[in-house]
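Enquirer: Sequence:
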Amino acid sequence: MSKPQVARNMAVYFTYVVTTDDGKTMEQSDIPIGYVHGGSSGLLPKLERSLEGLSEGESLDVEIFPEDGFGESKPELIYREKIDNVPKEFRKVGAEPKFKNEDGEVRSFTVTGIEDGDVIMDGNHPYAGKVIIFCVTITEVRDAEVEEISNGRPKDTPAPVIH
Numbered sequence: 001m002s003k004p005q006v007a008r009n010m011a012v013y014f015t016y017v018v019t020t021d022d023g024k025t026m027e028q029s030d031i032p033i034g035y036v037h038g039g040s041s042g043l044l045p046k047l048e049r050s051l052e053g054l055s056e057g058e059s060l061d062v063e064i065f066p067e068d069g070f071g072e073s074k075p076e077l078i079y080r081e082k083i084d085n086v087p088k089e090f091r092k093v094g095a096e097p098k099f100k101n102e103d104g105e106v107r108s109f110t111v112t113g114i115e116d117g118d119v120i121m122d123g124n125h126p127y128a129g130k131v132i133i134f135c136v137t138i139t140e141v142r143d144a145e146v147e148e149i150s151n152g153r154p155k156d157t158p159a160p161v162i163h
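Each residue of the sequence shown is one higher than the one before, starting from 1 at the first, in the working numbering.
Keep in mind that a hint or two might mislead.
[Said to hold, decoys possible] Cut-off 35 Å, straight-line C-alpha distance, at most; resulting in silico cross-link-like pairs (DSBU-like, lysine-lysine):
(1) Lys46 to Lys98
(2) Lys24 to Lys98
(3) Lys100 to Lys24
(4) Lys46 to Lys155
(5) Lys130 to Lys100
(6) Lys46 to Lys88
(7) Lys98 to Lys155
(8) Lys130 to Lys92
(9) Lys46 to Lys24
(10) Lys82 to Lys46
(11) Lys46 to Lys100
(12) Lys155 to Lys100
(13) Lys88 to Lys155
(14) Lys82 to Lys100
(15) Lys24 to Lys88
(16) Lys130 to Lys155
(17) Lys88 to Lys98
(18) Lys24 to Lys3
(19) Lys82 to Lys3
(20) Lys98 to Lys74
(21) Lys130 to Lys24
(22) Lys3 to Lys88
(23) Lys100 to Lys3
(24) Lys74 to Lys3
(25) Lys82 to Lys155
(26) Lys92 to Lys74
(27) Lys88 to Lys100
(28) Lys46 to Lys3
(29) Lys74 to Lys88
Quick caveat, the hints were computed from the structure, so don't treat them as lab data. What you are looking at is a predicted structure, and each value in this text was computed from that prediction instead of being measured.
Using the sequences and the accompanying hints, generate a full structural model.
Expert: And the structure:
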């Protein structure tokens with residue numbers, strides 16, 4: 001009997017490593033994450049399409065360009081603020097403050113530098129403007145239940161979050 005393949009309405013579990021096109025590891029999950037293929041999974045569409053037809057144990061590298069993933073970096077989302085105007089807990093590289101605009105929308109920023117008495121904060125996604133490679137290994141494929149199909153994810157796993 002052949003192994004089930006990734007197809008519409010199948011519950012799919014996979015592990016992954018995200019690298020930049022120069023080989024730097026950005027993110028890794030050795031604990032399988034799950035989604036329902038062909039639904040509202042939250043995966044990048046190019047990544048989801050690339051997994052179609054794979055079976056348990058198979059691996060694939062998927063190259064994602066900015067236009068297929070996290071977009072180009074927008075200079076208008078990079079801010080400099082005097083260090084005295086920034087709460088102490090956010091005065092370090094890697095800190096992740098959140099700000100609300102006039103419309104009530106919340107955006108996360110990452111402190112990327114501290115220079116000349118200023119804190120530099122970037123509101124772009126960390127992968128914006130980068131070519132990234134998802135190295136994916138399928139760990140399980142099974143028929144999704146009706147409830148899972150409507151939720152877009154298997155009931156035993158949270159929605160996939162690729163940072």
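Enquirer: Look at each hint and say if it fits the structure.
Expert: Now the hints, each set against the structure:
1. Among the hinted pairs, Lys46 with Lys98 is consistent with the structure: their alpha-carbon atoms are about 29 Å apart, no more than 35 Å.
2. Of the pairs offered as hints, the one joining Lys24 and Lys98 holds, with about 27 Å between alpha carbons and a cut-off of 35 Å not exceeded.
3. Of the pairs offered as hints, the one joining Lys100 and Lys24 holds, with about 32 Å between alpha carbons and a cut-off of 35 Å not exceeded.
4. Distance hint between Lys46 and Lys155 is fulfilled; the C-alpha atoms sit about 24 Å from each other, no more than 35 Å.
5. A hinted pair counts as satisfied when its Cα atoms are at most 35 Å apart, and Lys130 with Lys100 qualifies at roughly 26 Å.
6. With a C-alpha separation of about 40 Å, the suggested pair Lys46 and Lys88 falls outside the 35 Å cut-off, and the hint is violated.
7. At most 35 Å may separate the alpha-carbon atoms for a hinted pair to count; Lys98 and Lys155 meet this at roughly 30 Å.
8. A C-alpha spacing of about 24 Å is found between Lys130 and Lys92, which places the hinted pair at or below 35 Å, so the restraint holds.
9. A distance of roughly 21 Å separates the Cα atoms of Lys46 and Lys24; the hinted pair therefore holds under the 35 Å criterion.
10. With a CA separation close to 40 Å, the supplied pair Lys82 and Lys46 exceeds the 35 Å bound.
11. Of the supplied pair hints, the one linking Lys46 and Lys100 holds, its CA atoms being roughly 31 Å apart against a limit of 35 Å.
12. A threshold of 35 Å between alpha carbons decides the hint, and for Lys155 with Lys100 the separation of about 32 Å falls inside it, so the pair holds.
13. Of the supplied pair hints, the one linking Lys88 and Lys155 is violated, its CA atoms being roughly 40 Å apart against a limit of 35 Å.
14. Distance restraint check for Lys82 and Lys100: the Cα-Cα separation of roughly 19 Å lies within the 35 Å cut-off, and the hinted pair is therefore satisfied.
15. Between Lys24 and Lys88 the CA atoms are separated by roughly 30 Å; this keeps the pair inside 35 Å, and the hint holds.
16. Straight-line distance between C-alpha atoms of Lys130 and Lys155 comes to about 33 Å, which keeps the hinted pair within the 35 Å bound.
17. In summary, the hint linking Lys88 to Lys98 is supported, as the alpha carbons are separated by about 14 Å, within the 35 Å threshold.
18. Among the hinted pairs, Lys24 with Lys3 is consistent with the structure: their alpha-carbon atoms are about 33 Å apart, no more than 35 Å.
19. For the given pair, Lys82 sits about 58 Å from Lys3 by alpha-carbon distance, which is inconsistent with the 35 Å threshold.
20. For the proposed pair Lys98 and Lys74, the alpha carbon gap of about 17 Å is at most 35 Å, so the pair holds.
21. For a cut-off of 35 Å, the pair hint linking Lys130 to Lys24 stands: about 11 Å separates their Cα positions.
22. In summary, the hint linking Lys3 to Lys88 is not supported, as the alpha carbons are separated by about 54 Å, beyond the 35 Å threshold.
23. A C-alpha spacing of about 48 Å is found between Lys100 and Lys3, which places the hinted pair above 35 Å, so the restraint is violated.
24. Proposed proximity of Lys74 and Lys3 is contradicted: the alpha carbons are some 44 Å apart, above 35 Å.
25. Annotation: proposed proximity of Lys82 to Lys155 is violated, straight-line Cα distance about 46 Å (limit 35 Å).
26. Proximity of Lys92 to Lys74 is assessed by CA-CA distance (about 22 Å); at most 35 Å being required, the pair is judged to hold.
27. Between Lys88 and Lys100 the alpha-carbon distance is near 19 Å, which keeps this suggested pair within the 35 Å criterion.
28. This hinted pair checks out: Lys46 and Lys3 have alpha carbons roughly 23 Å apart, not beyond 35 Å.
29. A C-alpha spacing of about 26 Å is found between Lys74 and Lys88, which places the hinted pair at or below 35 Å, so the restraint holds.
Hint violations for this structure: numbers 6, 10, 13, 19, 22, 23, 24, 25, all remaining hints satisfied.
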